[in-house]
Each structure stands twice: as structure tokens, then as C-alpha cells.
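Novice: Using the sequences and the hints given, assemble the complete structure.
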Amino acid sequence: MKEKIRLVLELLIKELKQYCRITNPKFIKRYRIPKGLPDLMDIRYDMAPSETQLKDTLFLAGDHLLNGSLNAAMMSGEKAALGIIEIIEGERGVVR
1 MKEKIRLVLE LLIKELKQYC RITNPKFIKR YRIPKGLPDL MDIRYDMAPS ETQLKDTLFL
61 AGDHLLNGSL NAAMMSGEKA ALGIIEIIEG ERGVVR
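For the sequence shown, the residue numbers in the numbering used here are 1 to 96.
If you're looking for bench data, these hints aren't it; they were derived computationally from the structure.
All values derive from a computational prediction rather than experimental measurement.
Keep in mind that a hint or two might mislead.
List of simulated lysine-lysine pairs, DSSO-like, C-alpha gap at most 27 Å [claimed, not checked]:
| hint | residue 1 | residue 2 |
| --- | --- | --- |
| 1 | K4 | K26 |
| 2 | K35 | K2 |
| 3 | K14 | K55 |
| 4 | K29 | K14 |
| 5 | K4 | K35 |
| 6 | K35 | K55 |
| 7 | K26 | K2 |
| 8 | K4 | K17 |
Okay, the calculated beta carbon distance ranges per label pair [said to hold, decoys possible]:
| hint | residue 1 | residue 2 | range |
| --- | --- | --- | --- |
| 9 | G62 | L16 | 25 to 33 Å |
| 10 | L60 | E89 | 15 to 23 Å |
| 11 | K29 | S69 | 20 to 28 Å |
Using N, Cα and C, we set each Cβ at its ideal position, and we do this for glycine too.
Specialist: Dropping the structure here:
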């Protein structure tokens, strides 16, 4: 486990230097948060807008649809909006 933490810290230091120009970071503390992320069985990184439609007038969005991250939450919201737009524009039927 210590080796894994060391590798993660090395990668973090490299990325801080590359993206933020932080050349001498100081590691202060590591927190382990049990159940900090949902235990998702089907981790995905993309979905079709049509997959967000549950019923004629009900569209789903949220990180649980993809991979339990802030980025996934934003992406699923965008896909739900695109699904609604597709219906409004007549590509997949009509919203009742």
C-alpha cells in the first residue's frame, strides 16, 4: 500500500509541476474516506443522449449514470439536454 501511495504522490508532483508550475509542493496530510465514492458496477465514460430518456417526458442525469465523478455529472446533464433537444427537433419522436 505504501508503494501505491508513493507512486500516486510522484504522479501528483509531476502534474503540479507540469500544469500549475508548482515546483516544490509540500505534502501535508492524506485522508482516507471510506465509501467516499459510490460502488458502481458499470463504470462508463460516455453515453448516447437517447440513453438518458426514462419515459416520454422524463430524462435522467447524474454521476451515477457514468462513473461517480463531477465530470460524469456534468456530462450526463449535457447528454440529457441533448436528448431533449433531439426530441424537440423531431429526431427521435415527440415529447407529449
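Novice: Hint by hint, note whether the structure agrees.
Specialist: Hint check results:
1. Our distance criterion of 27 Å between C-alpha atoms is met by K4 and K26, whose separation comes to about 18 Å.
2. In summary, the hint linking K35 to K2 is supported, as the alpha carbons are separated by about 20 Å, within the 27 Å threshold.
3. Of the pairs offered as hints, the one joining K14 and K55 is violated, with about 46 Å between alpha carbons and a cut-off of 27 Å exceeded.
4. Distance check on the hinted pair: K29 and K14 sit about 18 Å apart at the alpha-carbon level, within 27 Å; holds.
5. At most 27 Å may separate the alpha-carbon atoms for a hinted pair to count; K4 and K35 meet this at roughly 19 Å.
6. Proposed proximity of K35 and K55 is contradicted: the alpha carbons are some 31 Å apart, above 27 Å.
7. Restraint check: the Cα-Cα separation between K26 and K2 comes to about 18 Å, which is no more than 27 Å; the hinted pair holds.
8. For the proposed pair K4 and K17, the alpha carbon gap of about 20 Å is at most 27 Å, so the pair holds.
9. G62 and L16 have their C-beta atoms about 30 Å apart, which keeps the hinted 25 to 33 Å range intact.
10. A hinted range of 15 to 23 Å holds for the C-beta pair L60 and E89, which are about 20 Å apart.
11. Distance hint check: the CB atoms of K29 and S69 are about 22 Å apart, consistent with the given range 20 to 28 Å.
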